[in-house]
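Make the full structure from the sequences, and use the hints.
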Amino acid sequence: MAVTTSKGRRDGHACERGPSVVPSTLSGVTSTLVARPSHDSHPPTPSDLLTFLFLHLSFSGPRATLADVTRVAGLLVVALAGCGGASAQASAPTALPSASLAASLPESSAAAVASVEVPVGPRRVALRFELNGRAFPLPLVHGTVAGEPIWMLVDTGANSHVIASWVARKAGMSMHALGDVGSDHTGRAVSAYTVEHPAMTIDGWGPLAGGPMLVTDVPEPIARIGIGAFVSPQWLASAGDAVVLDLVNREMRTAPWEDAVRALEQAPGHDVAPAGARLCEDTASAIKGLAFVLPASIDGHGVDLLLDTGAHRTDLLTTSKAGKVLAGRARPSREQMYAASGLVKTSLVRAAAVKIGDWTLTTDIDLVPGVADPVCPRDGVVSMDALASCTLLLGRKQLRGRCGP
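Sequence positions in the sequence shown follow the numbering used here and run 205 to 609.
Bear in mind the hints are in silico, worked out from the structure with no lab data behind them. Here the structure is a predicted model, which is why all the values come from computation and not from measurement. A portion of the hints provided could be inaccurate.
Claimed, not checked - Label-pair ranges, simulated between beta-carbon atoms:
#1 Arg338 / Leu565: 22 to 28 Å
#2 Arg538 / Thr566: 17 to 23 Å
#3 Ala488 / Lys528: 29 to 35 Å
#4 Asp463 / Thr487: 22 to 28 Å
#5 Gly376 / Ser501: 47 to 53 Å
#6 Val452 / Ala555: 19 to 25 Å
As the list claims (entries may be wrong) - Here are the simulated PhoX-like cross-link-like pairs (lysine-lysine), alpha carbons at most 20 Å apart as the crow flies:
#7 Lys601 / Lys492
#8 Lys528 / Lys559
#9 Lys525 / Lys559
#10 Lys525 / Lys549
#11 Lys528 / Lys549
Where is the CB? At the ideal position from N, CA and C, for every residue including glycine.
And the structure:
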């Protein structure tokens, strides 16, 4: 999940005191956010970061049970800017989304489809990597929800579009509380909602398909900088088309799938999905889910990693086989990470060898607490530290990508 003013932050106004955005490593409804609380007694420094556990939710039916609704993404590590984002200054609850959620959608939500005319033909928008004039490590776009201007994180780790509750409240949207309550990693309860007619539009791209959409609480620092929604780019593709997430040239565009594949095959780099990706799909529920999991290896150990552009640093679950092995050379992380209910202890593995398809790199890996997702099993997430040099083709049923020089 992420933020931006015009899809990449470019407010010219002065910032208030707060954490600084730094181009450091992060890990993402959706991932982790690393930051140390800043203090009003001193100016912010690059170490003034906050870490939050942020999750993506998936539904397996119009009236799901607790076992049916689970987290689809990993930790989202996001460096926060310290001032309000594009015109979005409303306060918000500090509660975080739950790791698993029992949902009972109203019958009206299950049937509601807003009458939104989605543009046909090619679409294109710049991806922004700035927030309040400072470098930001995750791809952003600017847009509106029910007329409220906000920044949106372009987050492949989100299996559906998600709206922050502070935006829904500010816009006066009618929110339907989900019938049951979810829980975070520690088992403590949090809540979520749906809205039927979100009227979400990306500047320069156009309106997204009508609701219903998921709404959830986000940490106050995210609301303060104007992050109000999380866009699942795989849901922007029409049948037969690809959404091209060109992270090198900082652009998101649409193209016919075959044309996009031919162009990708002629580009330099290394194939990250030569054998394809595992599709995690939910078509039964009112809020449908779609995500991709890539086979990979970390220090020679086979792993399955959720594709997650909404997270900065690649991570592994401590309960995964590879996580247990790598724990022997992990060191406690000095970054403070929080779940909805409080502090979570994590560790860091330095200079791990990561191989995704034909693409290899050396990067630090977070080991984070958690258990495998039964709906979309994975060992961790592959994030922007590994994906920054990639071009990804996202379709409704398939994924292709090339990374590196």
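Quick rundown of the hints versus the structure:
In this structure the hint that Arg338 and Leu565 lie 22 to 28 Å apart at CB holds, the actual value being about 25 Å. One distance hint, 17 to 23 Å for the beta-carbon pair Arg538 and Thr566, holds here, with the actual separation near 21 Å. Range check, Ala488 to Lys528: Cβ separation about 34 Å, and the 29 to 35 Å hint holds. Distance hint check: the CB atoms of Asp463 and Thr487 are about 26 Å apart, consistent with the given range 22 to 28 Å.
Evaluation of the 47 to 53 Å hint for Gly376 and Ser501 yields a pass: the beta carbon distance comes to about 49 Å. The supplied range of 19 to 25 Å is met by Val452 and Ala555, whose beta-carbon atoms lie about 24 Å from each other. A distance of roughly 13 Å separates the Cα atoms of Lys601 and Lys492; the hinted pair therefore holds under the 20 Å criterion. Restraint check: the Cα-Cα separation between Lys528 and Lys559 comes to about 18 Å, which is no more than 20 Å; the hinted pair holds.
In summary, the hint linking Lys525 to Lys559 is supported, as the alpha carbons are separated by about 17 Å, within the 20 Å threshold. A C-alpha spacing of about 19 Å is found between Lys525 and Lys549, which places the hinted pair at or below 20 Å, so the restraint holds. As the CA atoms of Lys528 and Lys549 are separated by approximately 15 Å, the hinted pair is consistent with the 20 Å bound.
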